[in-house]
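Peer 1: Go ahead and model the full structure; you've got the sequences and the hints to work with.
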Amino acid sequence: MKDDFPGRAWCENGQRHLDTRGLPPPDPMVAILWHVERGLSPLIVHMDREPVHLYPELGERNWTWELADPTPGQVRLVLRARP
Amino acid sequence: MMPANGAGFLGGARDRLLPVSVPFRYFLAASLFHVAAWAVLLAGAADLTGFAGGPGLILAAVHLTTLGVLAMSAMGAAFQLLPVVTRRAMGAPWPAAAAFWVFAPGVALLTWGMGRAATGLMLAGSALSIAGLAIFALLTLRNLARAGAVAVVAGHGWAALAALAVLAGLGATLVADFAGGFLPDRAGLAGLHAVLGIFGFMGLLVAGFSLVLIPMFALSRSLPTAPGWAGLAAGVSGVGFAAAAALSGMPALWWPALGAGLLAAGIHLALMQLSERRAMRRRLGLPFALLRAARWALVATLMLAGAGWLGAPVPNAPVLIGFLLIAGWLLTFLMGVLSRILPFLASMHASGRTGLPLLMSDLTCEPCLRLHAGAHFAGLAAVATGIVADQTPLIRLGATLGLAGALGFAAFAFNVALQLWKFRHAKPAQRGKPAQKGRPT
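Protein chains in written order, with our numbering: chain A, 1 to 83; chain B, 1001 to 1441.
Bear in mind the hints are in silico, worked out from the structure with no lab data behind them. Note that the coordinates shown come from a computational prediction; the quantities given were computed from them, not determined experimentally. There's no promise every hint is true.
As the list claims (entries may be wrong) - Chain A is nowhere near these chain B residues, computed Cβ spacing over 12 Å in every case:
1. 1043
2. 1185
3. 1217
4. 1288
5. 1300
Claimed, not checked - Stretch by stretch, here's where chain B covers chain A in the computed footprint (C-beta under 8 Å, at least three residues):
6. 21-28
7. 33-41
8. 46-60
Built from N, CA and C at the ideal position, the CB exists for glycine as well.
Peer 2: Next comes the structure, spelled out in structure tokens:
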């Protein structure tokens, strides 16, 4: 996958959003890391579960993450490149 | 906003994770049984080429590998990864922990009994091993029953567990027969036991788990499901024909078994290559060298078996093919998976505390993995050559190399566990140090 990513992305108030809800594993992780590797920080990700398998990969790439307003069945994750 | 450890968060994947101690006890035990398997093969090297299935050191080495390393690792990986992949919780951690405390001593007793030809020990060990496998099967079945999102993986799991049920019953019968000698066709049932263990249980688990694990490791998109279903159909057909051939003694049935097996292996190979071609990870590293070698070992061994049935001279063919399937294919695959999964899981669990995980690269002892991979491949080559040439010194050399590699792998595995233990018991200020390096991955 060199020039494409699964899921849907858009910009809102100058911030990049990515929706990976409904994607089979490991597509959410792949879509997020596609954006991370292009330095698209901050990135707001809309998911249907907490991506525990993503955290080791974010750590390797020196990015931080925060869960924002979690509700059952939906997760919003804010990712930032560490300065 | 809340940190990613998200205490009290409902429905998060973290809720589906078992405590890290549960999978790690399986993986660490597997790394110890791995050392024991090569050591016992070294001790019994002189018996390898004449091995025909009776009690002794070779039977012990085989089961140290199949139960102690392969099944043990599969259980740990299934308990940890299936709930996240299927999005269904495994439930309370104690049944998965209890399965270990029954299974691990069971494998030790069974293989000790096999090595010493002690029927009582074998009976006790097989009972405990089967009890542990039964707990594993029930927990996994319950999880797979609700795995609609990854139906093709669940399909492989169902078929593998069906094979496990028959395999375990046959294993207990074969052990009881060591004491009673009541089986009219022991060789046929032993052959069926081997077919179901290698291709039915472990082979189908490898094929099914690979559909999710390999894309996850390589960072590539999910694989198409239609070829996965075709591979499952071919694999199950192959196992069915091979089982019928082993049981009936009709050599003609091995040909459809081989054809279906080659088709299943070809589909698996194509899917794995597709995943690697689409990989975002630039350096796939040593784990993928092992995974690729394992896939080709499977194909090469099936073709070797076919050549043997066509009349090509393959000295000590049954022992050679068994060794290549168990050590060349399955053991190499599992070592590749474990070398990737251990630092990954440790980092994943560590991230729950602070949002600043232990880095996978800091957890990975590269020299240990290089030692393991080099010695493993050299050991496989030497033992296989020794079997063909009927040369015990070569088999001893290969087993020594394999043992050295297994010790390297155990050092890697215990280093990961030690680092995780230190991290979890460090004061928050000590573990909150941000990562400074961005390494290529």
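Peer 1: Residue 1288 (chain B): least C-beta distance to chain A exceeds 12 Å?
Peer 2: holds, 16 Å
Peer 1: Would you assess whether residue 1185 (chain B), listed as outside the interface, keeps its beta-carbon beyond 12 Å of every beta-carbon in chain A?
Peer 2: holds, 45 Å
Peer 1: With a C-beta cutoff of 8 Å, work out whether three or more residues of the region 21-28 of chain A approach chain B closely enough for the coverage to hold.
Peer 2: holds (count 5)
Peer 1: Does residue 1043 (chain B) clear chain A by more than 12 Å, comparing its Cβ with all Cβ atoms of that chain?
Peer 2: holds, 39 Å
Peer 1: Does residue 1300 (chain B) really sit off the interface, with its C-beta more than 12 Å from all C-beta atoms of chain A?
Peer 2: Holds: least Cβ distance 29 Å, greater than 12 Å.
Peer 1: Against chain A, does residue 1217 (chain B) keep a CB gap of more than 12 Å to every residue?
Peer 2: The claim is violated: residue 1217 (chain B) sits with its nearest Cβ about 9 Å from chain A, within 12 Å.
Peer 1: Closer than 8 Å, Cβ to Cβ, for at least three residues: run that test on the region 33-41 of chain A against chain B and report holds or violated.
Peer 2: With 3 residues closer than 8 Å to chain B, the region 33-41 of chain A meets the three-residue bar; holds.
Peer 1: Given as covered by chain B, does the region 46-60 of chain A meet the bar of three residues or more with CB within less than 8 Å?
Peer 2: holds (count 11)
Of the numbered hints stated above, the single one contradicted by the structure is hint 3.
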